[in-house]
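Between the sequences and the hints, there should be enough to build the whole structure, so can you do that?
Chain order of the listed sequences is R and E.
Counting from 1, one number per residue, gives the positions in the first sequence under my numbering.
Counting from 1, one number per residue, gives the positions in the second sequence under my numbering.
It should be emphasised that the hints constitute simulated quantities derived from the structure, not laboratory data.
A quick note: this is a predicted structure, and the numbers were derived from the prediction, not measured.
Backbone N, C-alpha and C define an ideal beta-carbon position, used for all residues, glycine too.
Any given hint could turn out to be false.
To give a feel for the contact side, a few chain E residues facing chain R, derived at Cβ under 7 Å [as the list claims (entries may be wrong)]:
| # | residue |
| --- | --- |
| 1 | GLN61 |
| 2 | GLY68 |
| 3 | LEU69 |
| 4 | ALA73 |
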Amino acid sequence: MAAQTSTVVFGWSPLIVSSALFLATYALVITEKVNRSIVALLGAGLLVLLGVLNQEAALKGIDFNTLGLLLGMMVIVGITSHSGVFQFVAIWSAKRVSAHPLGVLVMLSAVTAVFSALLDNVTTVLLIVPVTLLITDQLKVSAYPYLVAEVLMSNIGGSATLIGDPPNIMIGSAVGLSFNAFIVNLAPPALVIGPITLAIVAWLSRKELIATAKTRAQVMGFDEREAITDPRLLKQSLAVLALVMAGFVASHAVGIQPATIAIFGAAVLLLLDNYHRSGGDQSKRVHHAYAAVEWITLFFFVGLFILVHALETAGVIHWLAERLLALTGGDFRTTALAILWGSAILSAFLDNIPFVATMIPLIESTADTFGGKEALGPLWWSLALGACLGGNGTLIGASANLIVAGFAERAGHPISFLRFLKSCFPLMLVSIAISHVYVVWRYL
Amino acid sequence: MNHVADILNPQPFTVGADGPLRKVIDIALERHIRSLPVTDAAGRYLGVVSLHALLALLLPQAARVEHGLADLAFMAPTVEELREVVRGTGSERVRDHMDEGVAPVHPETSILEAALLMHRTRENLPVVDRETGRLVGLMSPWEILKRLV
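What follows is the structure, encoded as structure tokens:
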């Protein structure tokens, strides 16, 4: 690192410059005055311009596996959504329970959780929420409990797999934890927390879950088969998704990174959707597929990885890890639980992506104290549970929450920050308490 | 003679912002007009209410908003059910259904510029006095055709 740090302008300490830039970036992201991807790229650019990192070192900090996995899944889900499958599943599931408001709440929540676990939770809520609002409008019931349940279940479902939520993708990629390891370790708590959370939401809103026979008949009149707009694309998408999932399950054993599988899957689906079309038509459709990628998120990741890498090379992360160990007395159990609760509380109010990006090298730095990298598993699961479930604490806790809130407001069903906080922060604490018991029971 | 002021329709049908939507429907049906400028009590331009706004009333809210439902093929309400929806909206205020995003032109705007805007927006153009904000007329493809052909 000496070669990189000696060129810092004005002889400033790289430790101070990288910390100041990271904190300034973080602060600016919180204010939401400037788009977060712009802020992160500016911060990363300044790091290189000020000589804290050279370009080569900056690029080394970027986790291309995380970016590739997100990119591939975004393309696959974007194309799949054009087939109408999300509307189909939502309507089909509502009709299975005879459009009873409580049954619809349970079914749509379950659908949201499962899709969030297997795809990504932002896209899931983006596609499930409009159908939900249509159904609640037809039933003439309040949309609030449904939207809140979908927010909560999207984050709980997302916490269960490697690909469900960005924090898990980052942890899995940085540490080399497999898709199967995430399911084995994180699906069990999600399977307990999901139903308990849903039961509490249903009980709290039980007086609102009443519909007449007439409004229920309207929903029962929906023909879900008509929601499938492109049956050929649907078959292709489901086949590719199934293969991608199988690839994730097998990837670790055969030494292939998840990003390769996701991007290869995206390429295959693009091929299937385009090979029979004219050149001009292909260009239009492929352009459309790439436009569905959330570039803001991806560029935010790029900037953030560089900023965190600078903290790492300058020794800031090592220093923070020492402070954490000093606070927990170097006790493994205390450290794991501190990470769980600390991540949850912070992730409720802050963006969990930069938080997890910082915590990953920090936890890695504790390997020597706790007997090597292999022994750190419980700390990673505590971080994943805290960061994913913590997002349920406030309306700004996770991207999925903001997407639902934005859509609900446009559709005339605004979700107030305080109302959400009052009901969901305690629910988040319940989920972390369950995770606490799980972590202690299983690992400590 | 190359400005909007020279050829505009100086007495277009208009509707008050606080009037009922029913009035728009009546004028539209009677005069075969697709859109009407909306004004306040002092005659200041506020927006445009069009038949598209009335069509939107038939649609569920979840399909009307940005990133809403992509299609509604799975819903098949009867004509009577749709009629009931329209019946219930007649007493709503024009203000709640007008489009405030239709930018007006001014009497001194060139005819060619107005033609370009109409071509791009496929809308008639309210003509508004720059100083007072009052509606002084309407430009539509008819005005251009009547004068130029």
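Quick rundown of the hints versus the structure:
no., hint, verdict
1, GLN61, "holds, 5 Å"
2, GLY68, "holds, 5 Å"
3, LEU69, "holds, 5 Å"
4, ALA73, "holds, 4 Å"
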